[in-house]
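Chemist: Sequence:
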Amino acid sequence: MTDTEILNIFTRILRDLLGDEGIVLTEATERPDVPGWDSFAYVNFIVAAEGQLGVRFRVADVESFQTVGDIVAAVQKQSGNPA
0 MTDTEILNIF TRILRDLLGD EGIVLTEATE RPDVPGWDSF AYVNFIVAAE
50 GQLGVRFRVA DVESFQTVGD IVAAVQKQSG NPA
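Take the sequence shown: its letter number 54 is residue 53 in numbering that gives the first Met the number 0, and every next letter is one higher.
Since the hints were made in silico from the structure, they are not lab data.
Some hints here could point you the wrong way.
Below, computed lysine to any residue pairings styled on SDA-like, alpha-carbon distance capped at 20 Å [to be verified]:
(1) K76 - D60
(2) K76 - I8
(3) K76 - A40
(4) K76 - T25
With these hints in hand, go ahead and build the complete structure from the sequences.
Modeler: This is the structure we're talking about:
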């Protein structure tokens with residue numbers, strides 16, 4: 000799966016969670032860049048991403064992600080496709 004495909008999945012997940020079809024994620028996007036992406040929505044996003052992509056993140060990883068690109072890289076690493 001490409002980084003762009005993962006970004007598209009993440010964008011769809013976050014749009015659904017926040018009810019905002021205008022959200023467009025990039026690898027540089029940080030949570031404060033997206034209105035309403037608070038800690039509760041972040042946890043729901045991570046759970047949804049894990050389920051959709053068949054991955055599992057360690058708590059330490061989830062706490063360390065700064066950008067959406069960090070999460071994409073973690074997915075790629077678990078998939079055997081290091082970014």
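Chemist: What's the verdict on K76 and T25, does the C-alpha distance respect the 20 Å limit or exceed it?
Modeler: OK: K76 and T25 at ~18 Å, within 20 Å.
Chemist: Check whether the Cα positions of K76 and I8 lie no farther apart than 20 Å.
Modeler: Holds: K76 and I8 sit about 17 Å apart, inside 20 Å.
Chemist: Measure nothing beyond the straight line between the CA atoms of K76 and D60; if it is 20 Å or shorter, mark the hint as holding.
Modeler: holds (12 Å)
Chemist: K76 and A40: Cα distance at most 20 Å?
Modeler: violated (24 Å)
Checked against the numbered hints above, the structure violates only hint 3.
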